[in-house]
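Chain by chain, the residues:
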Amino acid sequence: MTAIDIGLPRRLVEFELDGEPVRVPENATILDACTAAGTKIPTLCQGDTLQPANACRVCMVEVEGSRTLVPSCSRKVEPGMVVRTDTERTKTSRKVVLELLASATDLSTTPEVKGWLEETGAEPERFGPPAPPSDDRDHRQPGEHEVPDGMTAATVRQPVKVDNDLYVRDYGKCILCYKCVDACGDQWQNSFAITVAGRGFDARISTEFANPLPESACVYCGNCVEVCPTGALSFKAEHDRRENGTWDEERQTETTTICTFCGVGCNLTLHVQDNEIVKVTSPHDSSVTHGNLCIKGRFGWQHVQNR
Amino acid sequence: MRRRKSEPYVRLVEPLVREHGVLRPAGWEEALERAAEGFRRNVAAKGPDAFGMFSCARATNEMNYVAQKFTRAVIGTNNVDSCNRTCHAPSVAGLARVFDSGGGTSSYREIEDADVVVLWGSNAREAHPIFFQHVLKAVHKGAKLFVVDPRKTSTAKWGHRWLQLHVGTDIPLAHAVAREIIHSGLANEAFIERATEGFAEFKASVEPWTLEVAEEVTGVPKELIRELAHAYARADRGQMSWTLGITEHHNGTNNVLSLINLALLCGHVGRYGAGLNPLRGQNNVQGGGDMGAIPDRLPGFQDILSPEVRAKYDALWGSTIPPYKGQNLTQMLEAMERGDMTCVYIIGENPVQSEADSEHTRKRLSNLDHVVVQDIFLTKTAQLADVVLPASAAWCETDGTFTNSERRVQRVRKALEAPEGARDDIAILCDLARRLGHDEWDYTSAEQVWDELRQLSPMHAGMTYQRLADLGGIQWPCYSEDTIEPSFLHGRLWEEDPAKRGRPAPFSVLDHSPPVDLLSDEFPLRLTTGRRLDSYNTGVQSSGFESPLRRGETLDLCQEDAELLGVRQDELVQISSRRGAIVAPVRIDDGLRPGLAFMTFHFPDEIDVNSITIEATCPIAGTAEYKASAIRVEKLPPGITEDDRFTVVPV
Chain A
1 MTAIDIGLPR
11 RLVEFELDGE
21 PVRVPENATI
31 LDACTAAGTK
41 IPTLCQGDTL
51 QPANACRVCM
61 VEVEGSRTLV
71 PSCSRKVEPG
81 MVVRTDTERT
91 KTSRKVVLEL
101 LASATDLSTT
111 PEVKGWLEET
121 GAEPERFGPP
131 APPSDDRDHR
141 QPGEHEVPDG
151 MTAATVRQPV
161 KVDNDLYVRD
171 YGKCILCYKC
181 VDACGDQWQN
191 SFAITVAGRG
201 FDARISTEFA
211 NPLPESACVY
221 CGNCVEVCPT
231 GALSFKAEHD
241 RRENGTWDEE
251 RQTETTTICT
261 FCGVGCNLTL
271 HVQDNEIVKV
281 TSPHDSSVTH
291 GNLCIKGRFG
301 WQHVQNR
Chain B
1 MRRRKSEPYV
11 RLVEPLVREH
21 GVLRPAGWEE
31 ALERAAEGFR
41 RNVAAKGPDA
51 FGMFSCARAT
61 NEMNYVAQKF
71 TRAVIGTNNV
81 DSCNRTCHAP
91 SVAGLARVFD
101 SGGGTSSYRE
111 IEDADVVVLW
121 GSNAREAHPI
131 FFQHVLKAVH
141 KGAKLFVVDP
151 RKTSTAKWGH
161 RWLQLHVGTD
171 IPLAHAVARE
181 IIHSGLANEA
191 FIERATEGFA
201 EFKASVEPWT
211 LEVAEEVTGV
221 PKELIRELAH
231 AYARADRGQM
241 SWTLGITEHH
251 NGTNNVLSLI
261 NLALLCGHVG
271 RYGAGLNPLR
281 GQNNVQGGGD
291 MGAIPDRLPG
301 FQDILSPEVR
311 AKYDALWGST
321 IPPYKGQNLT
331 QMLEAMERGD
341 MTCVYIIGEN
351 PVQSEADSEH
361 TRKRLSNLDH
371 VVVQDIFLTK
381 TAQLADVVLP
391 ASAAWCETDG
401 TFTNSERRVQ
411 RVRKALEAPE
421 GARDDIAILC
431 DLARRLGHDE
441 WDYTSAEQVW
451 DELRQLSPMH
461 AGMTYQRLAD
471 LGGIQWPCYS
481 EDTIEPSFLH
491 GRLWEEDPAK
501 RGRPAPFSVL
511 DHSPPVDLLS
521 DEFPLRLTTG
531 RRLDSYNTGV
541 QSSGFESPLR
551 RGETLDLCQE
561 DAELLGVRQD
571 ELVQISSRRG
581 AIVAPVRIDD
591 GLRPGLAFMT
601 FHFPDEIDVN
611 SITIEATCPI
621 AGTAEYKASA
631 IRVEKLPPGI
641 TEDDRFTVVP
651 V
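Protein chains in written order, with UniProt numbering: chain A, 1 to 307; chain B, 1 to 651.
Extracted from the complex, chain A is given alone in its bound form:
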């Protein structure tokens, strides 16, 4: 009985990338190939520990023979494929996608995005000043839209959710990339505490019945925070420091060590500022953890600093 296929060694596939022949292992994505070849493709929803969600549409490239642009994060390289990453069409697409995201979402804590906006000449302001935060986004029903007046840019802005001592959820920064949902769901944690609720522009990440986290299925592993690309999810310790102006990444060191809470041997990266642990992440390339931890590893460090 061989129920589980454990795979065979991979062959190399040759294709053309921006006019140059490139060879990559079969099953590699176009984005993998670009990264290996040193061609930078911006992306927000791609996660090195997650399956592609095809959600943000920032990484679109042109494939000869394809009617539409294709997401490079998920499209596998095929032999003889002709891929172009830097055409007018890809540039326009990237510019518009970034404009829409930046006009609707607070990207102030999204790494690298400022540079991409400049490179593409995106003008998110052209849709008007942002609409004020809304306090009913969590409870909107499909079909209950008010017709916008066109004077302001529609946004996902809403009050920050601080309902426990460990996490903060600032969904005004959420681009709905699905990474947190996938990390919480069947790809890693299997807690299924959050999913996407609502339709269209009202879609949002929600616990069941939009309950506060302590009344949800959340087990506080922090694996959603680990993969969040925009800072919509953050640890309370980091959030509080940002609020009171004492968060300073320039003064932080990152040191990878091993967790002490059981014998599994999870890798922890300790972010230390002024000899205080201020955040714990986990290296994504560890064969033990793949970037994941449990509540103890993620938050159980205060005891060494009770000094």
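Hints were generated in silico from the structure; no laboratory data involved.
Please read these numbers as outputs of a predicted model, since none were measured by experiment.
Chain B stretches covered by chain A per the calculated footprint, using a threshold of three residues with CB under 8 Å from any CB of chain A: (1) 7-21; (2) 131-137; (3) 275-282; (4) 402-413.
Heads up, simulated EDC-like pairs for lysine to aspartate or glutamate below, C-alpha to C-alpha not over 16 Å straight-line: (5) B:Lys-414 <-> A:Glu-254; (6) B:Lys-141 <-> A:Asp-186; (7) B:Lys-414 <-> A:Glu-276; (8) A:Lys-236 <-> B:Glu-546; (9) B:Lys-312 <-> B:Glu-452; (10) B:Lys-325 <-> B:Asp-49.
Away from chain B, derived, C-beta distances all over 12 Å, residues of chain A: (11) Gly-19; (12) Pro-21; (13) Ala-36; (14) Thr-68; (15) Leu-117; (16) Glu-118; (17) Pro-129; (18) Glu-144; (19) Met-151; (20) Thr-155; (21) Ala-197.
Every residue, glycine too, gets a C-beta built ideally from N, C-alpha and C.
Using the hints provided, position chain B relative to the given structure of chain A.
Frame of chain A; chain B shown alone:
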């Protein structure tokens, strides 16, 4: 319900010495001299075997290496052990007896490729969450998961099948599985013939355990036993993992051997994807044993009774290692009671709260002439000491290595400066060694210790710090700097050539032995203990952060038992055993069956559960039967209020 929380522990930043019965602050010079003088005095009076070392399964391999070297080369005894005794010593003893090596046989990655996974006495979902993610990878790919546990844990809820056995009936269940495999013609006869011995005797010994008899004894329906037997035997890659549900019994080693028998029967060992894996409870409990911080092995799991092995160590250390096994932690505690052991050096352990029957342990430690405790906190154990030495926290304030449950040695790196006044464990050990006449003791880095170990332990020889960093850790064995061994152990068992195959793996003939603490009219309920996701052991570390999930200690009962006792959720009740009594609130848990109660041991400063657990220990490995106490639950008399809940009521 309101929970009265104990204050979080605060780091120790100055040495303490006992004067006129109380601990007072002292300088390092005075404290080290007092510590050394006490060891000198006791060893002079009663010989080196009056000394005991409790080494630390939380500290680095390097610290454990130095601690056991201190015990053997400076003091001259093999009395060194650690809290592996309270958890997985039976796993090491069982695996070593059959395969000559005490480690789990496969890797996490292999479990993702298994097609049948058995978790026996393991609540991995809560106690080893990241390991369980690897199991779920297999489940999502189509593997069948069997969970064997008296409680319907969150792990059991993920099982395709849950076998709810009575506490302490693991051997009958394993025997019935074995008999069913044999009778169905599913045993791997070629493997048994070539790689094992003692099959005939084993076969005869399991013959009485029919499915019907096993159902009667274990409470598991015979259809489920049959299904487990057939699925495991038919699997291409069958994984068997276990935790403290197997080991924390008075016959823990036999329980482990009963699972090993099943793997031998089906050939589920020594191949990619198939294996036997104890899930270790502490970050370096595997490494502590590998480093020789156990009474019968030298670093590299080398036999203390072998003259050649001892000679190699004596030559490098300039020592004379005693040619007999030292005492394990359980035996040391007994020797304290007899007065044969008069001084101990306890590094980073909290036996007063972690040992079963904690009041007994406290009395035994109080019996000693000289107790030195080296820790980051003033634990309940440290409060009994004559000298307290403030240490640095291994995992974030020192450099070194830990070894995990898949035998992977990984780098530990210093990220923080230890608080002013605390010192590195290895530096303290060196200071004491010099005070005891060993002027040559001077390690300037953890890497220097590691390189000394690599010279002596062949299974670590190829693991330089550089390679450990480059490769994301290396699994032992690793014999040379330019090789990597397969990710599983004991591939030799599948060799064609008998010489390469080596010693056949013996089947074990085992008897069923029910829990020692018998149920009676006076103590009619079975209490078992375990962990919860957000807390850890005696709570010294995990009390340091606020968890939204934490609800404190409770007595978990099923609805039927609560009704029978006339108690409600949150009601305070008195819980008595033959050893003591405590008061705790009731929590209704539908994962329990009538007659079975559950508590954790995470909040001993609030409710000391280990004051009622039993100290009956495994004669082979010395692990106590934390998993099976007999208790009585009673309503509190009127007039007792919530404020009385934390007092221990005399029986």
